[in-house]
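So the chains spell out like this:
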Amino acid sequence: MKTVDLTEIPALPKLYVSAVGTAARQKLSGNRGSSALPEVRHSVKGASVDVGRLTAFQNVLRMPVKDDLPSGFVHAFAFPVAMSVMAREDFPLPLLGMVHLRNTVEHLAPIDFRQSLDILAWAENLRGHRAGTQVDMIVEVSSNAELLWRGNSTYLAKGVFLPGIDEVTARDKEQFEPPAPTARWRLGAGIGREYAQVSGDFNPIHLTALSAKVLGMRQQIAHGMYMASRIVQEATPPGVDAFAWEISFEAPVYLPANLGVAIDENLDDGQWHGTTFSAWNEKSRRRHFHGSISPRS
Amino acid sequence: MADTYLNLVNTGITKEIAKKLGLPRPSVLRRFDPSKPLVPGPVLLLGNGESVTTLSETMLAWNLDVRRHATPGQKLGAIVIAWDTLTAPGELSETALAVGSALKDLLPGGRVVTVSRPATDSDAPETAAVRQSVDGFVRSVAHEMRGGSTANGILLGEAADAGSTGLIATLRFLLSGRSAYVSGQFIEVSNDAGELPTDWNKPLDGKVAVVTGAARGIGAAIAKVLQRDGAQLIVVDVPQAGEQLAKVANKLHGTALQLDITAQDAGKRILEHALSRYGRLDIVVHNAGITRDKLLANMDEAKWNSVLAVNIESQLRMNRELLDSGKFGHNGRIVSLASTSGIAGNRGQSNYAASKAGVMGMVRATAPAIGSLGGSINAVAPGFIETDMTAKIPFLTRQLARRVSSLQQGGLPLDVAETVSFLASDAAAGVNGEVVRVCGQNMVGA
Amino acid sequence: MASSGNPTPGQQVRQAVVIGGNRIPFARSGGAYTYSSNQDMLTAALDGLVARFGLQGERIGAVAAGAVLKHSRDFNLTREVVLGSALSAHTPAYDVQQACATGLEAVVGIANKIKLGMIESGIAGGVDSASDAPIAVSEGFRRVLLDLSRAKTTSQKLKALSKLRPSDLAPNAPGTGEPRTGLSMGEHQALTTAHWEITRQAQDELALASHKNLANAYERGFFDDLMTPYRGLTRDSNLRADTSLEKLAKLKPVFGKNLGDNATMTAGNSTPLTDGASTVLLGSEDYALQHDLPMLANIVDAEAAAVDFVHGGEGLLMAPVYAVPRMLERNGLTFDDFDYFEIHEAFAGTVLSSIKAWENDDFCRTRLGLDGALGSIDRTKLNVNGSSLAAGHPFAATGGRIVASLAKTLHEKGTGRGLVSVCAAGGQGVVAILEAR
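Chains as they are written, first to last, in this note's numbering: chain Y, 1 to 297; chain A, 1 to 446; chain F, 1 to 437.
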């Protein structure tokens, strides 16, 4: 696999703009591209974290202002590199309108904001989904050749069916009965704008009711990574340095919203064996996301 | 509560208008002020009773300008008459007329004080007559006084010597501003008991006093005066009045005891508090009282019973507990609040008057027992006193009640307190079983 | 006694003695004290204490008190109160804050200073007003204001102001929610109540007992020397002497409604928002003797505990359950050694869950590290003069109410011990042992 070295982490708005261009060109040329992922890895070496941005992120997520990077922040910081892969002209799926299905992350060691970080991103595992085609975007963050953080974000291109990729038949939706909440999140209408400011993800579906409607959404929706960052922060026991987490997104969270949140910790003899979590709409009782955190040694 | 009329006729332009219109002009009374002399001018000492020596020596020791003969035109602060050896009415004339001609020279806030013996059944008719005559004389002179001056008498009981401590203490009380609203009254010194204070301005120094109903009004004033006179205070009131009670306690550096005096163990708890916190109890002032006025025809059981329970039954119970305890009585002083309603009666107050008359009966009957222990018990019967309670009386009735007294005004809670403090002092130990009216010689009860 | 060589707080230092207490009647929020500030109420409670014990103008060793809901102007609340009281202005003071355990922790802190000989006398207290609660500007507005104050030039100022959004102007009232979970205390307790399968009837019975016990205490004049009326209020306004199980049964659940039929917590078996203040006078034995003051009880020992409620490990208000066995072990005591139990009734469910946990073999083994169940509490010894369900619960004032009442109860009995247990926000709890004198 070829590695493309980028000089810096690309800016998301630029990627969105170029993605719009790519989509238009593909539409004009009628070229739907191939059914294969590009055999390429994008790399940024020696990226550094701006402490002001980190602080702003921690403030919006109501996290303690600490020198170690929150797991969700690493994602927000490094993911544009993966986005640049998705924005390539030879990427088989359209970037715009992709739905974030799930994340799995291995956070292997604490990352201080002063560390110089190397980021490597690629796409893999293009496969079918009952509603279209899904792909895994892999991001690795390392420092001095030590892998510190590895994320796998699964995206769905809704309604895109590529030749040679099997369709998956729809499964029965599992019944969800909200458990007793251990927390309540009151998400204001502006939470999407706030998170966009600190994550750089200005996808219009998160910003205002109007901008979301333009893209076919009923209202603006919360960033999946806002919720992932927040739940991981809240549910990881203090003092845990190495851990893995995964989150699956279900119904989108239309803003504003009150979410019931349940965090269930598996403790045995005072030892932490992992935590599961879920969140749902207090009114409709639909589940928005669920996932787990587990220790890594 | 403030007597606006009194203020109007004594100040500024309204004073001149009142003068011209010939309106009654009540005077601002001469009240106790330690920075001012005991009496406002020289004292004319008349009469030739046995007590003359004591009176003269005592007043000279107080640095008073004592005269045996009046000089017309020479202003006087007080006239003291030694009439304790009278045997027939004919002996009155010379001195009585001398008093009359000296009255014109009496300064505002002046005093007339007689010293005589009470008429008793065993007296010869002539002696009894003249002794009783002094009574009528003093009460009439009191009615004729102007400028806030008063006239009162001291009676020397059979067991009281002409030089008794009680005579000296009572004389000082009646001459001083402490007795401002006491007029037309007789105070009997029944024996020679008592001890003069080292400092007349701190007669209660070192004493521990309990005042019930002390959260407000007369009770709060009593507590304040007792504290001023040197006592340490335990102020008592019902728990409901605790907020005001705490304020009184904090102002007086005393302790607040929230207690319903109708409780069976009230006396015990008061004694316990006093002994555990102060190691002693010297003075108990039964001031707490309530009114539930209603014409008798409309009186219900609750109104009758509650007034009797608070105003007299609780006092009886507490006195019994105090005296039975063996820890109160030696030099112990009890002062109970009676009322002129209990003497003369009052429409709509059959329950209240019964309870207050009961207090007077109790005081007289308790006196021998407590007296034998070296203690004393007396009652103070206030007349019309300017309080929150009397402020509720309709305006015209209130004005009338004020003006009918010889002093043409209502008294202040302070005036009641001064008399209580006098009776609570060791110097007044010889006064026992008395009811002293603080009423400005109000018509009510004469 | 404790087998380790460590000193036991109750044994090896001099005694800290409860001399007495004073509180103002507690008022339901929005009632008699609506326009009284924390400073007003604590001053009233302190002045009543001064009046009861004749402390006017006296220099006390220290006054420690606090409030849970606090205005920024009250940063030095207790000292300001002392300055406005009848105590000597030379009395030092400091603020304490441990949520609902503030009052008890203040008592413990003062008692420890006395035990160590640092002070001879001290006053502990607490106050809270849910009526006169602080209202803050929104986070956005606050940041704009702070940026504005730092801005030097006009353009910097305009830039700072430009960040202001209309929604920032809405004020923030204090929530009773836990900051880390967003759930109210009642919602948290509802989870615990359901977990321990505490029935609606059991909760209502406890609430009824609280009202009856408090009403009886008033009837026999128990509070005559523990309370000073304020603003015309002479009794706790939440007290319903005439309530009954039937009346309590009619109330609708207000917490844990997502539990459906398992929702059991009503306004009747939960404490209402309350305003009030309390104080406790403590001293060394020497101090009490020299000043001819009563000695009601010794503060023997105390223990604090905390639980991790954020991650679903334990109920928010269950910390005292952990603190009690640790304290008992240190003092070589069991429940049988106690004559009175004062378990703060944040909710009826809190008390009943705690009792049930102590009776549960498995829980005591796995969670508390004991050999088996800690034991049962004789319900006739529980909250004998009523507790927060009837009296109300002005957060920081509850500790002082309990300590003063228990000390008096112990003194009246003349012998024995009492256990105090107070749960607090943040998954905390403080417990203490008092001993009669």
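Read the hints as simulated data drawn from the structure, not as lab findings.
Keep in mind that a hint or two might mislead.
Under the rule of at most 27 angstroms between Cα atoms (straight-line distance), these lysine-lysine pairs were calculated in the DSS-like manner [said to hold, decoys possible]: (1) Y:K283 with F:K252; (2) Y:K213 with Y:K158; (3) A:K303 with A:K251; (4) F:K257 with Y:K283; (5) F:K252 with F:K163; (6) A:K392 with A:K268; (7) F:K163 with Y:K66; (8) F:K413 with F:K212; (9) Y:K14 with Y:K45; (10) A:K327 with A:K202; (11) F:K115 with F:K356; (12) F:K163 with Y:K213; (13) A:K36 with A:K268; (14) A:K294 with A:K202; (15) Y:K45 with Y:K158; (16) A:K327 with F:K413; (17) Y:K2 with Y:K45; (18) Y:K14 with F:K252; (19) F:K252 with A:K268; (20) A:K36 with A:K75; (21) Y:K45 with Y:K213.
Here's how the hints hold up against the structure:
1. Y:K283 with F:K252: Within the cut-off at roughly 20 angstroms; holds.
2. Y:K213 with Y:K158: holds, 17 angstroms
3. A:K303 with A:K251: violated, 34 angstroms
4. F:K257 with Y:K283: Measuring from Cα to Cα gives roughly 12 angstroms; hence the hint holds.
5. F:K252 with F:K163: Violated. F:K252 to F:K163 sits at ~45 angstroms, over the 27 angstroms cutoff.
6. A:K392 with A:K268: violated, 35 angstroms
7. F:K163 with Y:K66: Distance of about 26 angstroms is within 27 angstroms: holds.
8. F:K413 with F:K212: holds, 20 angstroms
9. Y:K14 with Y:K45: holds, 20 angstroms
10. A:K327 with A:K202: Given pair A:K327, A:K202 holds - Cα atoms ~24 angstroms apart, limit 27 angstroms.
11. F:K115 with F:K356: Violated, at about 34 angstroms.
12. F:K163 with Y:K213: holds, 26 angstroms
13. A:K36 with A:K268: Violated. A:K36 to A:K268 sits at ~42 angstroms, over the 27 angstroms cutoff.
14. A:K294 with A:K202: Status violated; Cα separation ~43 angstroms.
15. Y:K45 with Y:K158: With a Cα-Cα distance of about 33 angstroms, the restraint between Y:K45 and Y:K158 is violated, given a limit of 27 angstroms.
16. A:K327 with F:K413: holds, 25 angstroms
17. Y:K2 with Y:K45: holds, 16 angstroms
18. Y:K14 with F:K252: Status violated; Cα separation ~56 angstroms.
19. F:K252 with A:K268: violated, 49 angstroms
20. A:K36 with A:K75: holds, 17 angstroms
21. Y:K45 with Y:K213: violated, 38 angstroms
In summary, the structure is inconsistent with hints 3, 5, 6, 11, 13, 14, 15, 18, 19, 21 from the numbered list given earlier, while agreeing with the others.
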